[in-house]
Amino acid sequence: MTTATRDLAGLTARLAELAPGLRVETGPGATGAYAYDASNYRVPPRAVAFPRSADDVVAVLRACREAGVPVTARGGGTSMAGNAVGPGLVLDFSRYMNRILDIDVEARTARVEAGVVLDALRSATALHGLDFGPDPSSHSRCTLGGMIGNDACGNRSVRDGRTSGHVVALEIVTADGVRAVADHAGLHPVDPGDAGPVARLEAGLKRLVGENLALLRTELGRIPRQVSGYQLHHLLPENGFDLARALVGTEGTCAVVTAATVRLVATAQASTLLTLGYDDVVQAAEDVPEILRFTPSAVEGMDEAIVATMRARRGADSVTGLPEGRAWLYVELEGDDQAGVNARAAELLDALKAQGRLTGGRVVQSPAERRSLWRVREDGAGLAARLVDGGESWPGWEDAAVAPENLAAYLRGFRKLLASHELTGVLYGHFGAGCVHVRIDFDMTSDTGREVMRRFLTEAAALVVEHGGTLSGEHGDGRARSELLQVMYSHRMIAAFTAFKQTFDPDGLLNPGVIVDPAPLDADLALRELPLLEATFTFPHDEDGFAGAVRRCVGVGRCRSDAGGVMCPSYRATGEENDSTRGRARMLQEMVRGEAVTDGWRSTEVRDALDLCLSCKACSSDCPVGVDMATYKAEFLHQHYKGRLRPRSHYSLGWLPLTSALAGYAARPINLLLRGPIGKLLARLGGVTTRRRIPAFASRRALRRTLRAAKTDEPAKAILFVDSFTRAFRPQVAGAASRALADAGIPCTPQDGLCCGLTWVSTGQLATARKIMDRTVIALDDDGDDRPIIVAEPSCAAALKRDVPELLGTEAARRVADRVQTFTGALTDLADAGWTPPPLPENVVLQTHCHEYATFKGRRPADLLRRLGVREVDEAEGCCGLAGNFGFEAQHYDTSMAVAELALKPRIDNLGGRPVVADGFSCATQIDHLAGGDVRALHLAELLDPAADQPGETT
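Going by the working numbering, the sequence shown opens with residue 1, and the numbers climb by one from there.
By construction, these hints were calculated from the structure, which means they are not laboratory data. Just so you know, not all the hints are guaranteed correct.
Under the rule of at most 20 angstroms between Cα atoms (straight-line distance), these lysine to any residue pairs were calculated in the SDA-like manner [as the list claims (entries may be wrong)]:
| hint | residue 1 | residue 2 |
| --- | --- | --- |
| 1 | LYS353 | ALA368 |
| 2 | LYS717 | LYS680 |
| 3 | LYS857 | LEU840 |
| 4 | LYS416 | LYS353 |
| 5 | LYS711 | ASP752 |
| 6 | LYS905 | LEU868 |
| 7 | LYS680 | LYS353 |
| 8 | LYS857 | THR320 |
| 9 | LYS416 | ASP280 |
| 10 | LYS680 | TYR651 |
| 11 | LYS642 | GLU605 |
| 12 | LYS717 | ASP782 |
Label pairs and their in silico Cβ distance ranges [to be verified]:
| hint | residue 1 | residue 2 | range |
| --- | --- | --- | --- |
| 13 | ALA354 | SER446 | 34 to 42 angstroms |
| 14 | ALA270 | LYS206 | 44 to 52 angstroms |
| 15 | GLY196 | ALA16 | 49 to 57 angstroms |
| 16 | GLY912 | GLY933 | 44 to 52 angstroms |
| 17 | GLY240 | PRO192 | 21 to 29 angstroms |
| 18 | ALA107 | ASP336 | 17 to 25 angstroms |
| 19 | LEU682 | GLY869 | 29 to 37 angstroms |
Cβ atoms here follow ideal geometry from the backbone N, Cα and C, with glycine treated the same way.
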């Protein structure tokens with residue numbers, strides 16, 4: 001046993017003694033994801049603790065002080081400056097300390113624990129017509145503790161300013177384990193027995209202020225976004241010794257915040273959004289002072305690269321409502337009545353047109369367009385990280401701010417500085433507050449590239465100071481900019497910062513390397529030149545193959561959101577970082593590095609991290625950088641089990657297309673057999689749960705009969721691909737699809753006997769998958785046939801569309817993929833203009849298959865149903881939980897059901913006679929299971945079948 005191991009064992013033992021029941025994780029499998037946040041840095045911790053109370057935090061700080069182990073507090077882990085990584089013990093507040101303790105409507109305050117996610121607080125306060133003002137783009141996963149640590153602002157900071165302006169009191173634990181409350185009048189002990197240490201600490205702070213009055217008055221608080229350093233001016237006599245505000249923005253370096261009382265604001269009664277187009281971001285910045293005369297709540301900017309990437313990743317219709325231009329401003333106006341807001345908007349547009357810089361401008365009336373546009377801006381960091389042209393960009397200088405009237409001049413100088421270093425930056429940010437976020441194509445893998453980055457950052461610091469600005473406007477200094485504080489502040493101010501931290505943390509154990517005694521800005525960089533790993537997938541969009549693909553994750557953490565989109569179902573079910581897309585990507589990055597995870601493809605830690613991934617593919621669409629964890633998991637499983645015995649379910653479920661085809665020749669006796677005790681025995685032997693009923697196999701005769709009945713004499717305009725699931729379990733869908741398509745003017749010829757290879761892909765049997773796919777491509781690419789290939793089963797359509805070309809990498813595979821359509825897509829794109837569908841119900845419940853959601857952008861069943869006349873589509877937004885083989889595997893049943901509870905099951909429990917539409921076989925199977933066999937979900941084709949007297953009746 002090494003000394004480090006012994007020391008760690010001693011620490012964990014001491015923690016168990018001081019805080020029985022405290023969860024503490026060690027080892028690379030548990031801590032690997034915590035080596036990263038959303039910054040450029042990688043700092044592996046020795047342990048991660050998950051406190052449930054302030055007493056747990058006290059125990060951690062006392063034990064770590066005894067052992068000399070540093071402590072870093074962490075919320076959502078979305079820091080872009082390296083504020084949330086540290087070499088000792090990381091405290092993850094987001095897992096358990098995430099309770100809203102009180103909302104005082106009359107006083108307009110809320111008391112929350114540090115791990116409360118901002119959106120959770122906003123949802124709770126919205127019920128009372130209240131809101132928390134600061135709203136960072138990461139609002140769906142950032143925590144109040146993290147916002148307090150950074151002094152976060154957000155999109156509406158023009159109106160609401162910084163988090164420090166909304167903090168009433170902070171409940172803290174000091175480095176020596178003393179609980180206290182910091183408020184507008186100083187510091188107060190929680191335990192009367194700690195009055196002495198608290199009084200001494202407060203006296204030391206007052207001495208520090210008294211010795212530096214002129215310094216604090218002249219160097220701090222010069223512009224609204226001056227977040228860099230410590231905000232010691234709040235301790236000045238004229239500011240009432242407001243220690244709560246002074247501790248906001250200290251980045252966990254002085255005390256650990258366990259809870260906070262924050263001030264709330266009234267929700268605006270009326271608002272409108274203007275989108276303004278410009279030739280470039282400098283032109284946009286020139287108009288900001290004029291816009292600010294109209295007291296907007298938000299003035300946000302971005303350039304064309306972000307918009308182009310969003311459209312490429314999620315479809316052309318993912319960004320609507322923008323006027324002509326190469327850069328844009330969003331301007332939000334709010335007020336007490338809509339007429340007054342609209343009048344101000346019209347007046348503002350006229351004023352800007354008179355300025356002569358606009359290329360276009362409009363008021364966005366549609367709520368859906370507004371949501372779409374804000375989604376683009378909020379995903380800016382991720383979209384800019386991996387652009388449509390494949391280029392990568394990084395933070396490091398992503399948060400500088402100047403006074404808004406100086407923004408245009410600063411941006412001119414900044415662009416010249418970029419050009420002088422042959423760097424390119426993607427610009428976006430809070431233009432109304434003078435804060436510019438930019439991601440830059442630094443090369444951090446070579447010595448030369450790192451030298452260029454260091455020179456650039458040093459010169460950029462001088463440039464922003466020259467324009468009266470600050471290194472950081474809301475993200476904090478972290479590891480990225482703390483070394484550069486000496487460019488912005490005098491030596492005396494740096495000494496005052498040091499004295500402030502030492503008063504709180506004399507041993508320097510709280511988040512070391514940040515603000516005071518900073519680590520070099522180019523130390524601990526995560527990116528470096530790594531060996532390329534041989535892979536079976538081609539990864540055509542990633543220059544470095546598998547290594548480049550997993551590097552897509554930059555830590556922005558959208559996968560940790562509880563709502564919106566589908567990603568990430570397993571995180572939503574468990575709440576564990578390692579079960580998020582980000583956590584898995586970070587473990588794969590650790591595997592590629594080969595330091596903490598040393599056994600490469602054979603790693604059991606990585607295997608375990610990937611285990612609860614449902615392979616839903618939602619991340620490939622919802623993740624701003626396009627992480628595709630389903631593909632990474634398939635590749636890993638292929639390599640991990642190469643030449644070795646696999647889990648039993650890989651054989652029983654992975655080879656289902658073959659076994660189900662054979663079962664079709666004796667479907668009735670096999671179904672009878674599987675319904676009895678032998679069926680349960682076979683399920684156990686195959687690693688399949690016995691808590692689900694095995695779906696009944698259809699006979700080959702049923703398929704032939706169905707297809708014969710659906711024949712048409714019209715020339716076929718398309719191929720109806722009869723996939724393995726439709727063939728084996730619900731042949732009636734093939735008949736209904738054939739009839740509905742013919743009715744819509746798309747007569748088809750059925751293509752049976754082929755397979756997309758999906759089940760072999762999802763179980764990582766890629767060699768077999770390639771053989772299956774190759775045979776299918778040869779059959780479908782025959783004689784130059786370019787007719788659309790329509791696939792009723794969305795998962796098989798997605799496999800043909802994406803997995804086949806990315807696994808085979810041939811022109812023939814790409815030609816076939818280009819022709820593939822889902823049933824929804826075919827009706828959306830190919831149906832006769834005058835087609836009238838059969839009568840449809842007014843209300844339906846819809847479960848969209850995750851693979852369809854992720855792969856076929858802009859061709860959603862919900863949109864088609866509404867267009868065809870269904871008045872209300874109640875869509876279960878999220879994964880059904882079955883996810884192909886996942887929910888049938890015995891060890892995954894509970895997670896599968898937990899995922900179903902998030903969105904689907906509540907709808908099934910409250911159907912009220914509404915039909916359920918689910919095109920995916922696994923979705924329909926899960927619905928049948930949730931309803932106890934009392935509800936049969938319909939494929940959209942069955943709903944639209946012209947031969948049905950009632951939806952789903954005709955077989």
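Status of each hint after checking the structure:
1. For the given pair, LYS353 sits about 26 angstroms from ALA368 by alpha-carbon distance, which is inconsistent with the 20 angstroms threshold.
2. Straight-line distance between C-alpha atoms of LYS717 and LYS680 comes to about 45 angstroms, which puts the hinted pair past the 20 angstroms bound.
3. Simply put, LYS857 and LEU840 have alpha-carbon atoms about 25 angstroms apart, too far for the 20 angstroms limit, and the pair is violated.
4. The straight-line distance between the Cα atoms of LYS416 and LYS353 is roughly 28 angstroms, outside the 20 angstroms bound, and the hint therefore fails.
5. This hinted pair checks out: LYS711 and ASP752 have alpha carbons roughly 14 angstroms apart, not beyond 20 angstroms.
6. Restraint check: the Cα-Cα separation between LYS905 and LEU868 comes to about 26 angstroms, which exceeds 20 angstroms; the hinted pair is violated.
7. Annotation: proposed proximity of LYS680 to LYS353 is violated, straight-line Cα distance about 73 angstroms (limit 20 angstroms).
8. Taking the CA atoms of LYS857 and THR320, the gap is near 14 angstroms; set against the 20 angstroms cutoff, the hint holds.
9. Using a Cα cut-off of 20 angstroms, the hinted pair LYS416 and ASP280 holds, with the two alpha carbons roughly 14 angstroms apart.
10. Restraint check for LYS680 and TYR651: the C-alpha separation of about 17 angstroms stays at or below 20 angstroms, so the hint holds.
11. At most 20 angstroms may separate the alpha-carbon atoms for a hinted pair to count; LYS642 and GLU605 meet this at roughly 17 angstroms.
12. For the hint pairing LYS717 with ASP782, the CA-to-CA distance comes to about 16 angstroms; that is within 20 angstroms, so the pair holds.
13. In this structure the supplied range 34 to 42 angstroms is violated for ALA354 paired with SER446, their Cβ-Cβ distance being about 50 angstroms.
14. Remark: the range hint 44 to 52 angstroms for ALA270 to LYS206 is upheld by a beta-carbon distance near 46 angstroms.
15. A beta carbon spacing of about 29 angstroms between GLY196 and ALA16 contradicts the range 49 to 57 angstroms that was offered as a hint.
16. The hinted window of 44 to 52 angstroms between GLY912 and GLY933 is violated, with their beta carbons roughly 19 angstroms apart.
17. At roughly 24 angstroms, the beta-carbon separation of GLY240 and PRO192 lies within the given 21 to 29 angstroms, and the hint holds.
18. Restraint check, ALA107 to ASP336: a C-beta distance of roughly 22 angstroms satisfies the suggested window 17 to 25 angstroms.
19. Restraint check, LEU682 to GLY869: a C-beta distance of roughly 46 angstroms breaks the suggested window 29 to 37 angstroms.
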